[in-house]
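The hints should help you fit chain S onto chain Y, whose structure is shown.
One letter stands for each residue in the lines below.
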Amino acid sequence: SQTIHQWPATLVQPVGSPLSLECTVEGTSNPNLYWYRQAAGRGLQLLFYSVGIGQISSEVPQNLSASRPQDRQFILSSKKLLLSDSGFYLCAWSVYTAGELFFGEGSRLTVL
Amino acid sequence: DAKTTQPTSMDCAEGRAANLPCNHSTISGNEYVYWYRQIHSQGPQYIIHGLKNNETNEMASLIITEDRKSSTLILPHATLRDTAVYYCIVTDYGQNFVFGPGTRLSVLP
Chain Y
1 SQTIHQWPAT LVQPVGSPLS LECTVEGTSN PNLYWYRQAA GRGLQLLFYS VGIGQISSEV
61 PQNLSASRPQ DRQFILSSKK LLLSDSGFYL CAWSVYTAGE LFFGEGSRLT VL
Chain S
1 DAKTTQPTSM DCAEGRAANL PCNHSTISGN EYVYWYRQIH SQGPQYIIHG LKNNETNEMA
61 SLIITEDRKS STLILPHATL RDTAVYYCIV TDYGQNFVFG PGTRLSVLP
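If you read the sequences in order, they're chains Y and S. When the letters of the first sequence are read in order and numbered with our numbering, they come out as residues 1 to 112. When the letters of the second sequence are read in order and numbered with our numbering, they come out as residues 1 to 109.
Excised from the complex, chain Y in its bound form:
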């Protein structure tokens, strides 16, 4: 069966520090991969999605970047965090022909 792992679950970072969130999917190949962010009390904002290795689409211009070095690995990064980067980050995957979106457990980031 397919599973999705996302880590770390929680982190507190100072303003200006770097960020790396990692997501891996098991049990499927060539998935679509997504990064979403949810600020406190707000809806989900699509940040990046990827349909294949090295193929990244950015939905919102910001100081975040995403990379897909392997088929089932998706990484969200920042060189310098801002206070506004605080939020709940969710990785998700889907298979093109089926369409259902499956989410990871989420990573809660607090920037101080």
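Treat the hints with care, as some may be off.
Unchecked claim - Partial list, computed: chain S residues near chain Y (C-beta under 10 Å):
id: 1; residue: Ala2
id: 2; residue: Met10
id: 3; residue: Cys12
id: 4; residue: Glu14
id: 5; residue: Gly29
id: 6; residue: Tyr32
id: 7; residue: Tyr36
id: 8; residue: Gln42
id: 9; residue: Pro44
id: 10; residue: His49
id: 11; residue: Ile89
id: 12; residue: Phe97
Claimed, not checked - Output of the computed footprint for chain S on chain Y, the stretches with three or more beta carbons under 8 Å from beta carbons of chain S:
id: 13; segment: 13 to 19
id: 14; segment: 81 to 93
What the hints assert, rightly or not - Beta-carbon label-pair distances, calculated as ranges:
id: 15; chain 1: Y; residue 1: Ala40; chain 2: S; residue 2: Thr72; range: 36 to 44 Å
id: 16; chain 1: Y; residue 1: Val15; chain 2: S; residue 2: Pro109; range: 27 to 35 Å
id: 17; chain 1: Y; residue 1: Ser77; chain 2: S; residue 2: Pro76; range: 42 to 50 Å
id: 18; chain 1: S; residue 1: Met59; chain 2: Y; residue 2: Leu83; range: 36 to 44 Å
id: 19; chain 1: S; residue 1: Thr79; chain 2: Y; residue 2: Gln13; range: 35 to 43 Å
id: 20; chain 1: Y; residue 1: Asp71; chain 2: S; residue 2: Ser9; range: 20 to 28 Å
id: 21; chain 1: S; residue 1: Ser106; chain 2: Y; residue 2: Arg42; range: 36 to 44 Å
Hints were generated in silico from the structure; no laboratory data involved. All of these numbers come straight from a predicted model, not from anything done at the bench. Built from N, CA and C at the ideal position, the CB exists for glycine as well.
Same frame as chain Y, now just chain S:
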């Protein structure tokens, strides 16, 4: 931007049916209607999806109007655990899911 509009919030009595509406007047022929829900501090959970026929599974029923410009998610016997934010999404084959603010459903005892 999301292609759907939903009421901000709704209440439902425990044990009664919860009917959550969604408008998607600009839906195109190859786009599906998906419903997800999010319980506080968790990732969204898939509920159901459909193209033009009504659909039913163990969680809910999805009623899509004949012109496909709106749909209704039905939870037949709402429980307290159904309290969540419900998202209606329109997308073609799930390549680009855009979540709007959703409807906050409160199931009341």
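Status of each hint after checking the structure:
1. The beta carbon of Ala2(S) is positioned within 10 Å of a beta carbon in chain Y (closest approach about 8 Å), and the interface hint is therefore held.
2. Residue-level restraint check for Met10(S) is violated (minimum Cβ-Cβ distance to chain Y is 16 Å; threshold 10 Å).
3. At about 21 Å, the closest approach between the beta carbon of Cys12(S) and any beta carbon in chain Y exceeds 10 Å, and the interface hint on this residue is violated.
4. Because the beta carbon of Glu14(S) sits about 25 Å from the nearest beta carbon in chain Y, more than 10 Å, this interface hint is broken.
5. Interface restraint check for Gly29(S): the shortest CB-CB distance to chain Y comes to about 16 Å, outside 10 Å, so the restraint is violated.
6. The beta carbon of Tyr32(S) is positioned within 10 Å of a beta carbon in chain Y (closest approach about 6 Å), and the interface hint is therefore held.
7. Here the hint on Tyr36(S) is kept, as its CB sits about 7 Å from the closest CB of chain Y, short of 10 Å.
8. Below 10 Å, beta-carbon pairs count as interface contacts, and Gln42(S) has one with chain Y at about 7 Å; its hint therefore holds.
9. About 6 Å separates the beta-carbon of Pro44(S) from the nearest beta-carbon of chain Y, less than 10 Å, and the hint is met.
10. Among the interface hints, the one on His49(S) holds; its C-beta lies about 7 Å from the nearest C-beta in chain Y, closer than the 10 Å criterion.
11. This hint holds: Ile89(S) has a C-beta 8 Å from the nearest C-beta of chain Y, less than the 10 Å allowed.
12. Here the hint on Phe97(S) is kept, as its CB sits about 5 Å from the closest CB of chain Y, short of 10 Å.
13. Taking a C-beta to C-beta cut-off of 8 Å, the segment 13 to 19 of chain Y contributes 0 residues in contact with chain S, too few for the three needed, and the coverage statement is violated.
14. Evaluation of the coverage hint for the segment 81 to 93 of chain Y: fulfilled, as 3 residues show C-beta separations to chain S shorter than 8 Å, against a requirement of three.
15. Range check, Ala40(Y) to Thr72(S): Cβ separation about 30 Å, and the 36 to 44 Å hint is violated.
16. Remark: the range hint 27 to 35 Å for Val15(Y) to Pro109(S) is contradicted by a beta-carbon distance near 44 Å.
17. At about 44 Å, the beta-carbon gap between Ser77(Y) and Pro76(S) stays in the expected band of 42 to 50 Å.
18. Range check, Met59(S) to Leu83(Y): Cβ separation about 38 Å, and the 36 to 44 Å hint holds.
19. One distance hint, 35 to 43 Å for the beta-carbon pair Thr79(S) and Gln13(Y), holds here, with the actual separation near 39 Å.
20. For the hinted restraint 20 to 28 Å between Asp71(Y) and Ser9(S), the CB-CB distance of approximately 41 Å leaves it violated.
21. Hint check: Ser106(S) to Arg42(Y), Cβ distance near 18 Å, so the stated range 36 to 44 Å is violated.
Of the numbered hints stated above, those contradicted by the structure are hints 2, 3, 4, 5, 13, 15, 16, 20, 21, listed in ascending order.
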